[in-house]
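Chains as they are written, first to last, in this note's numbering: chain G, 1 to 278; chain P, 279 to 522.
What the hints contain is simulated information worked out from the structure, not anything from laboratory work. Just so you know, these numbers come straight off a predicted model, no measurement behind them. The beta-carbon is built from N, C-alpha and C at its ideal position, and this holds for glycine as well. Worth double-checking, as some hints may not be accurate.
[As the list claims (entries may be wrong)] The following label-pair restraints were derived from C-beta to C-beta distances:
no., chain 1, residue 1, chain 2, residue 2, range
1, P, Asn498, G, Pro219, 56 to 66 angstroms
2, G, Gln49, P, Ile403, 31 to 41 angstroms
3, G, His78, P, Lys367, 35 to 45 angstroms
4, G, Gln6, P, Arg346, 54 to 64 angstroms
5, G, Val244, P, Lys367, 43 to 53 angstroms
6, G, Ser35, P, Asn393, 52 to 62 angstroms
7, G, Gly265, P, Glu358, 53 to 63 angstroms
8, G, Phe216, P, Thr432, 26 to 36 angstroms
9, P, Ser321, G, Asn162, 39 to 49 angstroms
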Amino acid sequence: MIKLIQIELIKIFSRFRSYIGFIAIIFIVLLLEISILIDGEQILKFITQNLEDSFYLKGNLLNGYLISYVILNTLWIHIPLLVTIVTGDLIAGESNSGTFRMILSRPVDRSKLLIAKYISGFIYSTILVIILGLTSLGLGIGFFGKGDLIIISTKINILPENELLWRFFAAFGFGIISMLVITSLSLLFSVCSNNSISPIILTMVVIILFSVITSFQIPFFSGIRKILFTTYFNSWRLLFEFSVDYHKLIVSLLHLIINSMLFFGISFFIFKKKDILS
Amino acid sequence: MNLYRMNYRKKLIFVFCLNLFAGLLFSQDSKVLLDKIKEKYSSIIDYQADINIRINVDFISIPEKKARIYYKKPNLFKYEADDFIMLPKKGLNFSINEILSINYSYLNAGVQNINNIKTEIIKIIPLESDYEIILATLWIDKSNTRVIRAEVNTKKNGTFIIDLAYFKPDDILPATLKITFDVTYIDIPFGFLLETGGEVFNKKNDISKSEGTVIINYSNYIINSGLNDSFFKEQKKKKNAKIK
Numbered sequence: 001m002i003k004l005i006q007i008e009l010i011k012i013f014s015r016f017r018s019y020i021g022f023i024a025i026i027f028i029v030l031l032l033e034i035s036i037l038i039d040g041e042q043i044l045k046f047i048t049q050n051l052e053d054s055f056y057l058k059g060n061l062l063n064g065y066l067i068s069y070v071i072l073n074t075l076w077i078h079i080p081l082l083v084t085i086v087t088g089d090l091i092a093g094e095s096n097s098g099t100f101r102m103i104l105s106r107p108v109d110r111s112k113l114l115i116a117k118y119i120s121g122f123i124y125s126t127i128l129v130i131i132l133g134l135t136s137l138g139l140g141i142g143f144f145g146k147g148d149l150i151i152i153s154t155k156i157n158i159l160p161e162n163e164l165l166w167r168f169f170a171a172f173g174f175g176i177i178s179m180l181v182i183t184s185l186s187l188l189f190s191v192c193s194n195n196s197i198s199p200i201i202l203t204m205v206v207i208i209l210f211s212v213i214t215s216f217q218i219p220f221f222s223g224i225r226k227i228l229f230t231t232y233f234n235s236w237r238l239l240f241e242f243s244v245d246y247h248k249l250i251v252s253l254l255h256l257i258i259n260s261m262l263f264f265g266i267s268f269f270i271f272k273k274k275d276i277l278s
Numbered sequence: 279m280n281l282y283r284m285n286y287r288k289k290l291i292f293v294f295c296l297n298l299f300a301g302l303l304f305s306q307d308s309k310v311l312l313d314k315i316k317e318k319y320s321s322i323i324d325y326q327a328d329i330n331i332r333i334n335v336d337f338i339s340i341p342e343k344k345a346r347i348y349y350k351k352p353n354l355f356k357y358e359a360d361d362f363i364m365l366p367k368k369g370l371n372f373s374i375n376e377i378l379s380i381n382y383s384y385l386n387a388g389v390q391n392i393n394n395i396k397t398e399i400i401k402i403i404p405l406e407s408d409y410e411i412i413l414a415t416l417w418i419d420k421s422n423t424r425v426i427r428a429e430v431n432t433k434k435n436g437t438f439i440i441d442l443a444y445f446k447p448d449d450i451l452p453a454t455l456k457i458t459f460d461v462t463y464i465d466i467p468f469g470f471l472l473e474t475g476g477e478v479f480n481k482k483n484d485i486s487k488s489e490g491t492v493i494i495n496y497s498n499y500i501i502n503s504g505l506n507d508s509f510f511k512e513q514k515k516k517k518n519a520k521i522k
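Just need the whole structure built from these sequences, with the hints factored in.
Here is the structure:
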């Protein structure tokens, strides 16, 4: 099994498209950090202007943690798209290039092959999230230093510096679980398709459609919203509440894991029954 | 003098004179008290202390913070902290000595018990037109000659109330300072820059939540250590450069 995963990982990392995600993340993070380096102080001043009328604010608020938090907010919806480019191609790519017949003519169990592809896809998405974490936090702290994190969302939360690292690690951990859903969904489309492009595009369409429904706060969608996995993608923000609502967080995690298992289960069932014609 | 034999007009004049005389007596008494307080507070030229800051404002969540505060007469302040701190502009810099040093008018507004301490209420009206404070009401612990509450009405920053608690009966500087102020006008661009995932806090929806308090506990006072003015100017330079 480990050998199979190794082979699949070699396949993934031997393609140029696998590196597009890494390049894109590093480029976007750098671009955002430089723009915040230039204009960040003014933006922060605008936000805290009225607060400064009543309070003396002393300390480094425009720090690496704030930058990292802003980047996570900005990129969280785009990272799945980068994951899809690789994971959508896991099965369909083989079908498209006609290599499946050759692989499956050897004594390799179909289920083991699918699991190996799934695990290697998950490893890829995990590395992508880790790269995002390391670049945003590393460059952020390098450029802007450390300090408490001010979050002005539904209210003003000021989180002490000594609590931030575990919160960020947990948030990235949550992100990895979110990416597991994307890997599972794209694997499902990949199993159903015989060309590389369709599963990638289909996964992207589903993510965009679900995200639109999630963000539209109208009663018509309230019932559907609860079952869409995109609703729980933003739950990592719970980790940056002053008092973390662990119950809500666990419920969100369970939703994401159940979705992942469901998508993978269907993929497994289809792949086992699938006629390999290419 | 027999009050029963006096006619109505004479009675009225008599009561008026009595009131005027009592008012003058109280007024003189108040002036003496204010002068005593001024004298007592004047003995503090500078001080430094460790402070613990607790902010209780509905739309702000911040843990208890530690800092060190430095003060020098008449109104130089400096704060030092290892991490981020928020300190109220109102109240913390309010100097009883300063308000009693300007040209003011005063009025005795009676007595009141606060936490079993009998206090005399004196209203101070600054007579200088460009002074920020319009009216300051002081609750004075007459037996210890110190202020235990002050309500300050300002031109630009609304009204705030300061409650002071002390370690010992003869202390001048407080052990605890509780500042209560209006927060309804603090308009924060909630959700700006970052997406919001829930209901944006609307402080204007709930009038009972329009007040905020900041509780500051003082410890390790060092009084009259001879702080230089230049020590306070360092911070002013930094303040102009950044949000600090």
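Checklist entry - Taking the CB of phenylalanine 216 of chain G and the CB of threonine 432 of chain P, does the distance hold inside 26 to 36 angstroms? => result 45 angstroms, violated
Checklist entry - Has the hinted range 53 to 63 angstroms been met by the Cβ atoms of glycine 265 of chain G and glutamate 358 of chain P? => result 59 angstroms, holds
Checklist entry - Using the C-beta atoms of asparagine 498 of chain P and proline 219 of chain G, is the stated range 56 to 66 angstroms upheld? => result Between asparagine 498 of chain P and proline 219 of chain G, where Cβ atoms are some 57 angstroms apart, the hint holds.
Next on the checklist: The hint says 52 to 62 angstroms between serine 35 of chain G and asparagine 393 of chain P; measuring C-beta to C-beta, is that right?
Outcome noted: Given a distance of about 54 angstroms, which is inside 52 to 62 angstroms, the answer is holds.
Item to check | Outcome for the supplied range 31 to 41 angstroms, where the beta carbon pair is glutamine 49 of chain G and isoleucine 403 of chain P | outcome: At roughly 32 angstroms between Cβ atoms, isoleucine 403 of chain P and glutamine 49 of chain G fall inside 31 to 41 angstroms, so the hint holds.
Item to check | Verdict for valine 244 of chain G, lysine 367 of chain P (Cβ pair) under range 43 to 53 angstroms | outcome: At roughly 31 angstroms between Cβ atoms, lysine 367 of chain P and valine 244 of chain G fall outside 43 to 53 angstroms, so the hint is violated.
Next on the checklist: 54 to 64 angstroms was suggested as the range; check whether the CB atoms of glutamine 6 of chain G and arginine 346 of chain P agree with it.
Outcome noted: 58 angstroms, holds
Checklist entry - Does the Cβ-Cβ separation between histidine 78 of chain G and lysine 367 of chain P fall within 35 to 45 angstroms? => result About 41 angstroms separates the Cβ atoms of histidine 78 of chain G and lysine 367 of chain P, which means 35 to 45 angstroms holds.
Item to check | C-beta pair serine 321 of chain P, asparagine 162 of chain G: status relative to the range 39 to 49 angstroms that was hinted | outcome: For asparagine 162 of chain G against serine 321 of chain P, whose Cβ atoms are near 40 angstroms apart, the range 39 to 49 angstroms holds.
Taken one by one, the earlier hints fail for this structure at numbers 5, 8, listed in ascending order.
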